[in-house]
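Listed below, chain by chain, are the residues.
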Amino acid sequence: MSRVQTAADAINTAIGKVRPLLGGDTWTGPAATAWEGEWNSFYGTVLGVLNSLPSAEASVINGVRQQAEQLQKQLAKAHATVAPQ
Amino acid sequence: MSSDEVGVDPGRVSQAAGALENLRDVLAANVSIIVNTMNEYWSSGAGSPISLASLQQAQSRSPEDASDMRTRADLAAAWLAQSVNLTGNGMVDIPWGSTPAALKELDQLDAQAQAQALSAAEAGSGQNPKAARAVIQSIELDISDHVKAGDTSWLTTFYTAAAPAVANLAATLNHEDGQHMVVLSQQDQKILNDYATGLAYADKHGTLSQATINAFSQSKNLWSVGMLFKFGPPGSAYGTQETLGKDADGNPVTQPNLLAQVTTAIELARMRGGYTIPLTGSDVPLGAPGSTEVSQLMQEFDPDESMLALSTQNGAAAREVMAGPDGKQIAIDLMTRPVEFYYASFDNHGTLQGFLPLAAPKDYFDGQMIDYADGAGAWQSHPVTLSSTVIGKFLDTAANSGGRGSGPAAYNSARAALNLIEAVPSPTGDDGIPLPEPVRQALLHTAQNYMLDMAQSTTNTGLSAVEGPEAGLPVYHLLIQGQGQDNPLSTFLQQISYDKTDAAALDASAKVTFSNIYAATELGKLPPGFNGSQANNAMAGLLGRIQTEANNVGVHLARDSDEQHEEYNKIIELGESTLPLLPGIGDVAEAATDPAKAFLGLLGIPTSFSTDAATTTEQADAQSFAVQGIQIHVSMVQGLMNNGAGDLRSSAQQYNSSHPGQQWLQGNQIVLTPQNYSAFQDWYENLSPAVDQKYGLSSLESRYGYYYNQQGGTSSDGAFGPW
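First to last, the protein sequences are chains A and B.
First residue of the first sequence? That's 74 in my numbering, and the numbers climb one at a time after it.
First residue of the second sequence? That's 40 in my numbering, and the numbers climb one at a time after it.
Worth flagging that the hints you see were computed from the coordinates, not collected in a lab.
Among the clues, some could well be false.
Said to hold, decoys possible - Pair ranges (Cβ atoms, derived):
1. B:Gly-245 x A:Asp-82: 28 to 36 Å
2. A:Glu-111 x B:Asn-253: 39 to 47 Å
3. A:Gly-117 x B:Gly-284: 57 to 65 Å
4. A:Ala-131 x B:Arg-100: 53 to 61 Å
5. A:Glu-111 x B:Ser-192: 21 to 29 Å
6. A:Ala-83 x B:Gly-245: 33 to 41 Å
7. A:Gly-110 x B:Gly-284: 53 to 61 Å
8. A:Ala-131 x B:Ala-92: 16 to 24 Å
Where a beta carbon is used, it is the ideal one built from N, C-alpha and C, also for glycine.
Could you put together the complete structure from these sequences and hints?
Structure, rendered in structure tokens:
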């Protein structure tokens with residue numbers, strides 16, 4: 074899981090380096106403003122996905138834990154059934 | 040200002056481009072890690088999947104975002120430097136590129152601006168070389184980016200506008216730091232490589248106009264152009280456009296590509312001081328001490344040999360150089376004057392400007408690589424000999440790589456072959472030049488490739504010409520002047536025959552070709568419309584002519600056992616290489632849709648020959664069994680069996696099975712040894728009359744002796760015919 078978070082952090086940082094350079098100090102004109110708006114909107118979605126990764130990872134961990142617990146219960150039950158011999 | 044134009048701060052746009060390029064690289068490195076890892080977990084049933092599509096879309100769009108922003112930054116920087124569209128507050132108005140059409144316009148404007156920037160940098164190089172180099176290197180990076188992106192449009196626009204400046208680039212780089220015996224530094228060579236790589240890409244994937252090509256081939260500084268190519272990519276990276284136009288009379292004429300035109304210009308220039316190698320500075324030795332070092336630098340920084348090698352790698356360029364109007368002259372120069380002298384050149388103030396190449400008089404060349412450097416006074420002329428291997432490969436590629444056929448490549452090779460044949464010097468006499476081995480190999484391959492053409496030229500009293508495809512002979516073919524004193528066919532054959540081994544190989548090739556055509560004639564396998572009896576007569580005549588010209592240069596093919604051994608070995612070798620070309624076997628069966636190839640295959644004419652002449656181990660064994668006349672019998676029988684003479688083959692198999700230890704037939708191949716030779720002769724001389732008469736083996740001499748003697752009678756020393 075740490076690999077996923079490291080990768081997500083790298084992308085997040087790279088997007089963060091672009092954003093301050095987009096805007097009035099760099100260009101003026103409707104065509105550039107429109108491009109900038111579209112770019113910001115799109116990468117807003119990307120950041121949203123990156124931000125949801127921790128909860129997705131938690132969900133995976135929970136799922137794995139639940140699967141493990143369920144398997145442990147099944148094994149215990151099977152063991153109890155066999156034990157009287 | 041149109042709605043698409045935007046005022047930009049060039050510095051900040053460049054920073055934005057850099058940040059987008061970084062984002063592109065980070066996405067490329069990390070998106071797959073996230074997507075693959077999460078999908079792996081989710082596929083096991085753990086957790087609830089979320090969509091990662093936007094991450095993949097980001098990775099997909101990021102290269103274009105970065106590339107477009109870089110183009111805007113480059114254009115803004117160039118226009119700022121050129122004072123174009125300035126708004127007065129440090130901003131520059133540029134087209135933004137909101138639509139595909141506007142983006143294309145942006146791209147074109149940037150390419151043109153970079154071309155102007157290069158010209159300005161070169162013009163200002165004298166005053167501020169560091170600033171000029173920075174601009175040149177910045178454009179170099181830009182070119183590399185566009186090559187990586189496969190941006191043919193940008194590259195074509197750039198080289199169209201920048202051609203004169205790119206042609207002059209090596210001279211500019213030399214002026215910037217070309218001192219202290221350094222003509223072009225490693226950094227200079229790297230810069231030239233990147234500029235040439237872009238040019239090659241544009242040439243190969245786009246269409247460079249003739250005006251653009253002229254900027255290189257007609258440049259005032261051909262040395263600079265030559266260095267661009269020398270330090271650039273291999274010749275195969277350039278375009279191989281090979282199309283035929285028509286002259287005023289409707290005859291095909293070749294239209295040479297970029298590499299061919301530059302090669303032609305430099306080859307002609309090297310004969311007459313057409314360029315100057317700018318080795319300058321007060322520390323350049325002009326006396327005898329240090330002369331060797333100057334010679335080495337001349338060899339390193341003369342573009343001539345590199346252009347030959349590049350054209351050879353390109354293939355089409357070699358053909359086009361040699362097929363063009365200067366092809367014959369270039370071939371003459373390469374074969375008779377391959378030694379270059381380099382003379383110091385000074386301006387009016389006595390300042391050294393560099394060294395001029397001039398081809399040495401042919402007296403300095405005797406067929407070997409000369410080491411003139413030890414000669415008295417040699418230091419004054421700094422002699423360098425062009426590599427005969429490079430020359431040989433160039434001539435070979437030009438004359439033979441186009442194959443035989445009816446297309447442009449075949450036409451160009453045929454023209455190149457004709458120019459080469461007509462340019463060959465005599466190997467004997469006061470002005471005679473025996474050519475070095477690699478060049479002779481080119482001649483031998485040409486003779487083998489155009490064997491039937493030579494045969495049909497033996498009686499030609501007219502001038503040489505390339506004839507177009509026609510009924511019965513649907514390939515471009517040569518008609519060489521074959522009669523009259525010092526006719527080119529005789530000189531060509533004499534030059535090949537001057538070497539005993541090559542003479543034997545030539546004769547063997549002719550016998551194999553003759554035998555295959557004869558066999559195809561006898562078995563009714565000739566292509567429709569092909570005149571077999573005329574071809575057989577012509578081939579018999581060519582055998583006689585080869586014999587005569589070999590005699591004229593002191594080689595006696597029919598009498599000297601050494602030559603016979605070599606020839607026999609060659610027949611076996613060629614017989615093997617001919618086999619895959621016969622109908623229904625190998626290449627020919629697969630290439631039945633190629634009329635020219637199928638045609639040659641039907642004739643059993645080899646279109647390629649092994650260059651491996653490793654037959655020496657066979658020669659010792661051959662000493663004891665080679666006799667006059669055996670070769671034509673071997674090749675005739677082999678040719679007949681290859682063409683499906685089943686009864687002849689059955690007879691041979693039956694004989695071999697009853698002579699254990701003396702078997703000369705292996706599969707369908709005759710393989711003679713000292714042990715089985717007499718058995719082959721016994722079988723041949725005792726063939727059943729029915730089989731013998733069917734294929735006319737006993738009557739070969741009566742049928743073809745006339746044509747053989749017609750070509751061989753005048754100067755033969757009484758050698759027997761091959762019957």
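Now the hints, each set against the structure:
1. B:Gly-245 x A:Asp-82: 28 to 36 Å: 43 Å, violated
2. A:Glu-111 x B:Asn-253: 39 to 47 Å: Taking Cβ atoms as reference, A:Glu-111 and B:Asn-253 lie about 45 Å apart, which means the hint holds.
3. A:Gly-117 x B:Gly-284: 57 to 65 Å: About 59 Å separates the Cβ atoms of A:Gly-117 and B:Gly-284, which means 57 to 65 Å holds.
4. A:Ala-131 x B:Arg-100: 53 to 61 Å: Cβ of A:Ala-131 to Cβ of B:Arg-100: about 30 Å, so the range 53 to 61 Å is violated.
5. A:Glu-111 x B:Ser-192: 21 to 29 Å: For A:Glu-111 and B:Ser-192 the Cβ distance comes to about 24 Å; the hint holds.
6. A:Ala-83 x B:Gly-245: 33 to 41 Å: 38 Å, holds
7. A:Gly-110 x B:Gly-284: 53 to 61 Å: 54 Å, holds
8. A:Ala-131 x B:Ala-92: 16 to 24 Å: 21 Å, holds
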